[in-house]
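Residue numbers (our numbering), protein chains in the order written: chain W, 1 to 325; chain P, 1001 to 1504; chain C, 2001 to 2152.
Hints listed in this document are in silico derivations from the structure and should not be mistaken for laboratory results. On a predicted model such as this, the values are computed, not experimentally measured, just so you know. Check each hint, because a few of them may be wrong.
[Stated by the list, open to error] For each label pair, taking beta carbons as the anchor points, the in silico distance ranges come out as:
(1) P:ARG1385 - C:PRO2065: 50 to 56 Å
(2) W:GLY219 - P:THR1353: 50 to 56 Å
(3) W:VAL63 - P:PRO1013: 44 to 50 Å
(4) W:ASP62 - P:VAL1386: 53 to 59 Å
(5) P:LYS1294 - W:VAL295: 55 to 61 Å
(6) C:VAL2125 - P:LEU1478: 56 to 62 Å
(7) C:MET2033 - W:ALA233: 42 to 48 Å
(8) C:TRP2094 - P:THR1231: 51 to 57 Å
(9) W:GLN29 - C:GLY2083: 27 to 33 Å
(10) P:LEU1014 - C:GLY2083: 41 to 47 Å
(11) W:SER297 - C:MET2033: 54 to 60 Å
(12) P:ALA1011 - W:ASP152: 52 to 58 Å
Backbone N, C-alpha and C fix where the C-beta goes; we use that ideal spot for every residue, glycine too.
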Amino acid sequence: MKTVTKAIAVTALVAGAGTAVQAQSCDWQPDRAVTYIVPWGAGGGTDANSRMLASMLEQKWDVPFNVVNRTGGNGVTGHSAIARADPDGYTVGAVTVEINTMHWVGLTDLTMDDITPIALVDIVPASVLVGKDSPFETLEGLLDHARENPGDLTGSGTSLGGIWHLALAGMLNAEGMAPDAIRWIPSQGAAPAMQELLAGGVDVATPALSEGKSLVEAGELRALAYMHDSPMAALPDVPLTANALDSGWTLAAYITISGPGDMPEEIACSYEKAVAEIVQTDEWAEFKASRGAEVVSMPSAELVDYMKASDAALGDTIKAVGLAK
Amino acid sequence: MDLMAILSAVADPLIITTVLACTLYGALVGAMPGLTATMAVALLVPFTYFMDPVQAVAAIVATTTTAIFAGDISGALLKMPGTPASAAYVEDSYALAQNGQPRTTLFVSLFASVVGGVIGVLMLSLASPQLARLATSFSSDEAFWLATLGLSCAVFVGGSSVPRNFASLFIGLAVATVGIDVAVGHPRYTFGLDELYDGISFIPAMIGLFALSELLRNAATGTETRLGRLTVEPIAQALRNAAAEIRRRWASVLRSGTGGTVIGALPGAGADVAAWISYALSRRFSRTPEKFGKGHLEGIVDGGAANNAAVAGAWTPALVFGIPGDSVTAIAIGVLLMKGLTPGPDIFTSDATLVYTLFGAFLLANVLMVITGGLAIAMATQLLRVPRSVLMPLVLMLSMIGGYAIMGSTMAIWIILVLGVVGYAMARAGIPLAPAILGIVLGQVVEDNFMVSMMKAQGDITQFFERDAAAVLGVITLVVWGVLLLRAVLDMFGPRRARGRKET
Amino acid sequence: MNINRDVVTGAALIALAIAMAWNARGFPRIPVMAYGPDLFPNIIATGLVLSGLGILLEARRGTAPEQEDTRPTAWIPFVTLIGIVAAFTIILPWLGFHLSAALAFVVAARLFGGGWPVTIGLAVVAPFALHYVFYSILRVALPWGVLTPLAW
Chain W
1 MKTVTKAIAV TALVAGAGTA VQAQSCDWQP DRAVTYIVPW GAGGGTDANS RMLASMLEQK
61 WDVPFNVVNR TGGNGVTGHS AIARADPDGY TVGAVTVEIN TMHWVGLTDL TMDDITPIAL
121 VDIVPASVLV GKDSPFETLE GLLDHARENP GDLTGSGTSL GGIWHLALAG MLNAEGMAPD
181 AIRWIPSQGA APAMQELLAG GVDVATPALS EGKSLVEAGE LRALAYMHDS PMAALPDVPL
241 TANALDSGWT LAAYITISGP GDMPEEIACS YEKAVAEIVQ TDEWAEFKAS RGAEVVSMPS
301 AELVDYMKAS DAALGDTIKA VGLAK
Chain P
1001 MDLMAILSAV ADPLIITTVL ACTLYGALVG AMPGLTATMA VALLVPFTYF MDPVQAVAAI
1061 VATTTTAIFA GDISGALLKM PGTPASAAYV EDSYALAQNG QPRTTLFVSL FASVVGGVIG
1121 VLMLSLASPQ LARLATSFSS DEAFWLATLG LSCAVFVGGS SVPRNFASLF IGLAVATVGI
1181 DVAVGHPRYT FGLDELYDGI SFIPAMIGLF ALSELLRNAA TGTETRLGRL TVEPIAQALR
1241 NAAAEIRRRW ASVLRSGTGG TVIGALPGAG ADVAAWISYA LSRRFSRTPE KFGKGHLEGI
1301 VDGGAANNAA VAGAWTPALV FGIPGDSVTA IAIGVLLMKG LTPGPDIFTS DATLVYTLFG
1361 AFLLANVLMV ITGGLAIAMA TQLLRVPRSV LMPLVLMLSM IGGYAIMGST MAIWIILVLG
1421 VVGYAMARAG IPLAPAILGI VLGQVVEDNF MVSMMKAQGD ITQFFERDAA AVLGVITLVV
1481 WGVLLLRAVL DMFGPRRARG RKET
Chain C
2001 MNINRDVVTG AALIALAIAM AWNARGFPRI PVMAYGPDLF PNIIATGLVL SGLGILLEAR
2061 RGTAPEQEDT RPTAWIPFVT LIGIVAAFTI ILPWLGFHLS AALAFVVAAR LFGGGWPVTI
2121 GLAVVAPFAL HYVFYSILRV ALPWGVLTPL AW
């Protein structure tokens, strides 16, 4: 009788775990230092999220998680380093949305097939920001001006072909305008772009809303739109492009923790399990709230689908705005 | 702001202990070649999760301040400047250390850093809203002019031969063109290596040009010096000399501290440019400019005061607008946000205690740095007592690890090797190194801002004078460069003069 | 000797300039503008040529600065040192830090005139000490290479 219940319990457990996990026990653990590669610089959003996650994994598994910022080539260097590493579980990294843009714009041959997505860490929707003295009070006003005077306005936020450039160009394209109706001025990231915006060097910036949150709250910048379908908890009054635009355009960058290509299932699911537990802690919730972001989580199977969909959508955008190579 | 409020905010044993521990930690990291202030702060972040906001801010501030100073230690002892900011006067400090005055040099550098840092904090507490307002009015136009003006320092930091100074500057600028360009994202001179897409980083470049080229020179010139040990003067004597030096040059310290703070607050500038400009000004107005670059304390006083003052300056845009001036303040903003504090113009009213603490921590860190920095100097200079057959291999290994640490890749060591050979060749040809470093540091800033401005203006060059601040800076820059070039031409084609007397 | 040195220097700078400008021909342009990523390389190349000519002129007029004699007298140590750096860089990912560093220390300590006891001591102690400081305290991800099974 006893053995029967046990057998049933085990069957239920395996069935409950679903097809993605299969018969893995998911209890692999590193027994020495792990290298955590971040393709972007210290101080940015990817760096902050990854360092927080790394320090919590470190507590959990009691081995050092050494964060290495491998910057360069608009993300190519770091992503290649993650993809090329030995998939033994001792190298993981912060693969970001650029894995789905870089190959379309011809920067690299690397695609998401070369890495093993483990878990979603953050979703970072874009925004439309203008200076406090800007004549534009609404997104419609801005877009109407751009429609009537193509090339008159300038926008910034990241490098040419970077994700925030696609946010702007894609939105213009979706609204039936030339993608360069607002001319893109490249910058070395979101912070210098907002500096330009404050100084009156450009008319609009489209970085992550979380990047501009302090300046918006301080009244130095005005947020005309949030390129998402649900409002940001910290700035609930910013209009959503999903509602405001006929095209329903939205765009969000994302940050994952991923392993090198062909990471053994056992190791990948152990990481997935650990991260899933971490994102449920209060500490993680507090960290997210401090940055004005929401806690996100996604099983790795769903993450793969999400990234595939993003790859196709970004590919369409990149081709539409004429940046494909 | 009220000094008493500032002091009482940090008169807490926990804060004092934290600051003390962090100055020690900052000194360790900063003195290690290849490990920057940014890295020191990034490593500190996980610990700040467990601290209260006041303590966390104090920890970051104390670490940064000492790390920037400690970069001078490896610069003077091993010719391996810890930061580009220390590179401005590394030839002076290294020459002095080789002449048996390593401790005097480093104490001068320490005291100048401390006073510069204190000036920076005072200006930060008195005028950060105004400074931040100035900083955020800088667009790419102003940043371009400022960086171009900075480049003119190359003429002052070099040697006596004008074409050689320019050659050095252009070699540095050529190195800076490596990598993806900002305008169209085209990889230039990368030889198909994606690790070079981001350009040649400063730290491996400096280690190669200064440290490895020096080792190569040592290896190539005979054997007689290889077993000798360097002399190190007694601490008491070094302290006395250093204190006297700072007292004698109080006006320079004041000037460089003030200038450094303002420059540090401006976008595209920061501690590096602050140190270079102060060093160049120091030389320009010195009564003994010919001694610069060969082991002269005057430039160390100015450069050292300026770069630590700039550390405080960099906080102004970060605090007031949440715009990070450099990667250290970017990390710091993240920590502030995590502690529920949003930087912004209101932070001075809404979180006044925190702002007082920040200033207090800066002040405290600068004062305690005298102790920990002194300790670090005393210990580090022991290194010079080691026989050269041990010291030289250690310097070599530290160079290679330092490069590896900054890039996490062996590409950095290749860069060190190539630039080491270039640096050796330049020394052989009598070309000074300092202007090249300036070119590497500023080359990208100049080009990026030029291209961005031109794209905004669709190629209309008059746009560089459209904005008021840009027009003023532009005219100053053009006048300075015009005078310099005119003098260079006169110098080349004018009557022959005896070398050594031609310095102004 | 000095004249010779300056002729070589000037020629080298001009050669570098030509290589830069030649390479820059293939760079793409920015639409609507008459220049692009090739602008700064070309300015710099021009500057290098002028500096090179200036140095040649100085040599001709005899106004070049005197310099300390840094002529290499020991080519073998010079080349060995370059060899150490190159070899260390190549073997580091495979042999790992400890072994690569120990090998580099042996050759370098001998090169700078160390006796065998000093050399052996340095090669044994220094890799561990440096590894402790950089890897364990400062969190630099130094590679383990073949020693991975022993890693901590």
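Among all the numbered hints in the text so far, which are the ones the structure does not match? 1, 2, 3, 4, 8, 9, 10 and 11
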